[in-house]
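Novice: The task is simple: from the sequences and hints, build the whole structure.
For the sequence shown, position 19 matches number 19 in our numbering, and the numbering has no gaps at all.
Any given hint might turn out to be false.
Simulated DEER-style distance windows between Cβ atoms [claimed, not checked]: (1) L88 <-> G25: 43 to 49 Å; (2) D3 <-> H80: 25 to 31 Å; (3) A82 <-> L30: 30 to 36 Å; (4) R8 <-> L58: 23 to 29 Å; (5) F71 <-> P24: 23 to 29 Å; (6) H80 <-> P24: 38 to 44 Å; (7) Q70 <-> D3: 30 to 36 Å; (8) H69 <-> E22: 23 to 29 Å; (9) L88 <-> P24: 46 to 52 Å; (10) R75 <-> E28: 21 to 27 Å; (11) E87 <-> L30: 48 to 54 Å; (12) P24 <-> A61: 22 to 28 Å; (13) D65 <-> L18: 23 to 29 Å; (14) L18 <-> I93: 51 to 57 Å.
For the record, the hints were derived by calculation from the structure and aren't laboratory data. We treat Cβ as the ideally placed atom computed from N, Cα and C, and that holds for glycine.
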Amino acid sequence: MPDTEPVRVTIFNQSYSLVASEEPGRIEQLAQRVDDLMSSIARAGNIDATRAAVLACLHLADQLDGVEHQFTELRQVVDHKAREFTELLEKAIGTDGAASASADH
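Specialist: Structure (structure tokens):
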């Protein structure tokens, strides 16, 4: 199990002490991203911290959903290409279904 390190971050003028198994620099980068997003949302109107946090969460959830959708599509493309390449390879080396069936007899 990785060691945990305390990391102190500030998000939307609130300090948080986190215990993370990730590299502290990564946690700080993520916190900065959330802080930037919440600040950007708050600048768009008179929005309190709770509303800014909820809107930031919705924005990040939307981004995650888009990435997951892209990942699923790419996985399907890779699976399809892998099947195509397997068929081509089997034909090239003569191990298609007919060759396998005749070898069984």
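Novice: Is 23 to 29 Å right for how far apart the beta carbons of R8 and L58 are?
Specialist: holds, 27 Å
Novice: Has the hinted range 23 to 29 Å been met by the Cβ atoms of H69 and E22?
Specialist: Since H69 and E22 have Cβ atoms about 25 Å apart, the given range 23 to 29 Å holds.
Novice: 43 to 49 Å was suggested as the range; check whether the CB atoms of L88 and G25 agree with it.
Specialist: For G25 against L88, whose Cβ atoms are near 45 Å apart, the range 43 to 49 Å holds.
Novice: Could one say that the CB atoms of R75 and E28 fall in the range 21 to 27 Å?
Specialist: 32 Å Cβ-Cβ, so the 21 to 27 Å window is violated.
Novice: Within 51 to 57 Å or not, the Cβ separation of L18 and I93?
Specialist: holds, 54 Å
Novice: Holds or violated: the 30 to 36 Å window for the beta-carbon distance between A82 and L30?
Specialist: Taking Cβ atoms as reference, A82 and L30 lie about 34 Å apart, which means the hint holds.
Novice: Quick check: does the Cβ-Cβ distance between Q70 and D3 fall within 30 to 36 Å?
Specialist: holds, 34 Å
Novice: May I ask you to test the hint 22 to 28 Å on the CB atoms belonging to P24 and A61?
Specialist: Between P24 and A61, where Cβ atoms are some 25 Å apart, the hint holds.
Novice: Holds or violated: 46 to 52 Å for the Cβ distance of L88 and P24?
Specialist: holds, 48 Å
Novice: Quick check on a hinted range of 48 to 54 Å for E87 and L30, using CB atoms only.
Specialist: The hint (48 to 54 Å, Cβ to Cβ) is violated, given that E87 and L30 are roughly 43 Å apart.
Novice: Holds or violated: the 25 to 31 Å window for the beta-carbon distance between D3 and H80?
Specialist: Taking Cβ atoms as reference, D3 and H80 lie about 42 Å apart, which means the hint is violated.
Novice: Determine whether the Cβ-Cβ distance between H80 and P24 falls within the hinted range of 38 to 44 Å.
Specialist: Cβ of H80 to Cβ of P24: about 41 Å, so the range 38 to 44 Å holds.
Hints 2, 10 and 11, counting from the list given before, are not met by this structure.
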